[in-house]
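Take the sequences, apply the hints, and build the full model.
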Amino acid sequence: MKKVSTDTRYVIIGNGVASIGAIEAIRKNDKTGSITVLADEKYPCYGRPLISYYLEGMTTRDKMDYRPAGFYAANNVKLVLGSPADRIDAVSRKVWCGDSEYAYDRLLIATGSSPVVPPTAGYEDVKRKYTFNKLDDALELEKVTDGTTRVLIIGAGLTGLKAAEGLYPRVKEITVVDMAPRVLPAVMDDESSGIIRSYLENKGIRFFLSDSVEKYCDGYALLKSGAEVDFDVLVTAVGVRPNTRLAESIGCVTERMTESGRPFRGIVVGDDQQTTVADVYAAGDCTLSYDVTIKNTRPLFIQPNAYMQGETAGTYMSGGSREKREYLPVNAGGFLGLHVITAGAYDGEPITVRDGGSFHRFFIKDNRLRGFIQIGEYSRVGILTDLIRREADLEGVDLASLVRHPNLAALGMDYVHSVLGKEGA
Amino acid sequence: MKRVYVKEEWCLGCRLCEYWCVYSGSGEKNFPFAFDKGATPPAGIQVEEVGPVHFAVNCRHCDDPLCLKGCISGALSRDGYGAIRIDKTKCVGCHTCIALCPYGCIVSGGDNMPIKKCQLCAGRDYTPQCVSHCPNEAIVFEEE
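Just so you know, the sequences run in chain order A and B.
Taken in order, the first sequence gives residues 1 to 425; the numbers are from the numbering used here.
Taken in order, the second sequence gives residues 426 to 569; the numbers are from the numbering used here.
Misleading hints may appear alongside valid ones.
[Stated by the list, open to error] Examples of chain B residues toward chain A, derived with CB under 7 angstroms:
(1) Glu434
(2) Thr514
(3) Val517
(4) Ala524
(5) Cys526
(6) Gly529
Quick caveat, the hints were computed from the structure, so don't treat them as lab data.
Given the structure is predicted, the values throughout are model-derived calculations rather than measurements.
Idealized CB from N, CA, C, for every residue including glycine.
What follows is the structure, encoded as structure tokens:
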């Protein structure tokens, strides 16, 4: 382990779960260095994806804090709320929030991502318009909606549909518009997407797909297709972009060119989460993650990665090291009672298992599991996620058994012994 | 830390461990009350079989717990005994942990209900009921 002086000053910009991961990792190695967290929001870290559950009434404000009260004090962390960093000087090693100055020896940029709002005619004049990424968005939506509200949601991705779910019990009517021809375009194929769409349509949610807003008018949106949608509240949820401005300002590389010639935006980091600037680390939505299914980096805006990247950053910042992490897209969540888990890439040969009302699809390529889509009832699917992550050869694996009900026995008793025996886990 | 280990050569496949696990997690004093509301296994332990071989699988309380690190609500934490515990008042049932557990040891509690997992019978003085009630001593609670 690299020697770290006992008075190392750690500054973390951002207070999402990447920041929590970093704090927990730093404190494993370094009990005495100072840790300062600069948070733009005015709340201690909360689970961001919980905002839809909050609106839906499935959790309460006091249950959303990501760590117990006293977490920051117990870890001797100075948490500065409502204080977004606006400038870094990587030469003098200082961060500024307005007039306040914070000197660092190791810096973590965990600035997350911000919602994209596509420029659309009339948008500025819409009175009640929101995005759906932070607690304040949910608190505002809670205030402005009631049983008479008609909501228009732009975006049928995970965020848009979770917004729909959260608002569903509160409002009169929900309409979702997306340019893509299907719902959850990033994590579903056509058939599985159709199942989700039908389910939500049966619940009364209206979709306009392969469509977009031409213009917002007084009380309604005019779509490209010519349809008009009346609404009282607008939620834009078409995606997010990584917050890379600060990293860029100190010379960090913040994009990777892809083969298609289109750049992926996000802070470029090594396996240790260090940026291209010495002693400056980055983690979470603002970075590019190494996706094992494409063997390259890409934006992966999912919370588990944010925590783990923050943890890796904190480990190296405090002089430690760890095994390289393999990331992959994994998403889980319910939509008005219909549960979905997806993982990996969908570029292999599909195997589909239908079981009652449930739908399970697996993608297999070169005798390896590449990805899966599970809708409805499922069990133990993490066994499959692990197979994708490990790129395990399916030779000798009882695939028929595995796709019916994922189980360890299907992977062979040698594997079972290796993970359940005393050498495992 | 002490973990639950299974000796497959002794496992009869009787699945009593699964029922004792449900009882343990229910918090009920009397065994039958745990099943009054129609609760059925699996909960924190489940028996697998391959041909004549049976073995029970339960949470490894991993050194690198992906469930805890991926949890969206902070409902999972490690207690002083090393057990990964679920705060049922915080869990929203998103199932990210189910998507991540490499051993399939986390069970859905149903729509919008907290997940179920092995907590090493923390509520029973850390005396795993699957171990103490295995009729063939096929499940043990030992240091690694």
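For each hint, the structure was consulted:
1. Glu434: 11 angstroms, violated
2. Thr514: 6 angstroms, holds
3. Val517: 4 angstroms, holds
4. Ala524: 4 angstroms, holds
5. Cys526: Holds, because the Cβ-Cβ distance from B/Cys526 to chain A comes to roughly 4 angstroms (cut-off 7 angstroms).
6. Gly529: 3 angstroms, holds
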